[in-house]
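Take a look at the letters that make up each chain.
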Amino acid sequence: DAGVTQSPTHLIKTRGQHVTLRCSPISGHKSVSWYQQVLGQGPQFIFQYYEKEERGRGNFPDRFSARQFPNYSSELNVNALLLGDSALYLCASSIQLGPRNEQFFGPGTRLTVL
Amino acid sequence: TQLLEQSPQFLSIQEGENLTVYCNSSSVFSSLQWYRQEPGEGPVLLVTVVTGGEVKKLKRLTFQFGDARKDSSLHITAAQPGDTGLYLCAGSNYGQNFVFGPGTRLSVLP
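Top to bottom, those sequences are chains Y and B. Read left to right, the first sequence gives residues 4 to 117 (our numbering). Read left to right, the second sequence gives residues -2 to 107 (our numbering).
Quick caveat, the hints were computed from the structure, so don't treat them as lab data. Just so you know, even glycine gets a beta-carbon here, dropped at the ideal spot from N, CA and C. A portion of the hints provided could be inaccurate.
Unchecked claim - Residues from chain Y that face chain B, not an exhaustive set, calculated with beta carbons under 8 Å:
{"#": "1", "residue": "Gly87"}
{"#": "2", "residue": "Leu93"}
{"#": "3", "residue": "Leu100"}
{"#": "4", "residue": "Arg103"}
{"#": "5", "residue": "Phe108"}
{"#": "6", "residue": "Pro110"}
{"#": "7", "residue": "Thr115"}
Please put together the full structure from these sequences, using the hints given.
Below you can see the structure in the form of structure tokens.
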């Protein structure tokens, strides 16, 4: 089975632009989460979606938004890019929510904002 | 806000040595995961622990969840260069609101 896939793998944008990142979960997984990982730090939680509904939101500005589609794939959108948005954006999927919920990560999208 | 701390932040050892890394919080989690991450790649899940006091072994790696479900440890026996990477712990409550620690960067020298 294919793992979590993300596209694109790398992206270069300039300040003020908009970006859309895409994620396809493992087949059968209904929950998708997005994380931002700045160099040298652990991943920071941005959003979680389950069955197309937002189930959690981290401490990120409204410039960040996301959605989940009927096939459980997801998009992360970031508007008005800032230099500080440069990071590795990770998507993780899990089968469902629950006490033993396990997340599996994709390879990430490396975003560079110039 | 739930926070996870990890120690040490950096660790450099010789092949064959043993090591322990720690993950601590003031909050209770329903489960805790350990991941290993290579540069430029996504974290790879190593183990999930859910029961206070639980011990899990994965070859040379031993994971323990604290009795109060606030802390965890990862012990590696006879470390090998292939163990080099960033070790991350993450806590969650019933599959939501995952919180990651800052990681322990391990370097195993041949």
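So, going through the hints one by one against the coordinates:
At its closest, the beta carbon of Gly87 of chain Y sits 18 Å from a beta carbon of chain B; the interface hint therefore is violated under the 8 Å criterion. Here the hint on Leu93 of chain Y is kept, as its CB sits about 5 Å from the closest CB of chain B, short of 8 Å. Given the 8 Å rule on beta carbons, the hint for Leu100 of chain Y holds: about 4 Å separates it from the nearest Cβ of chain B. Because the smallest distance between the Cβ of Arg103 of chain Y and any Cβ of chain B comes to about 5 Å, under 8 Å, the interface hint for this residue holds.
The criterion of a C-beta within 8 Å of any C-beta in chain B is met by Phe108 of chain Y, whose closest approach is roughly 4 Å, and the hint holds. A cut of 8 Å between beta carbons decides the hint on Pro110 of chain Y: the least distance to chain B is about 5 Å, and the hint holds. Taken as an interface hint, Thr115 of chain Y does not check out: its beta carbon lies about 13 Å from the nearest beta carbon of chain B, beyond 8 Å.
Going down the numbered hints, you'll see the structure goes against 1, 7, while the others check out.
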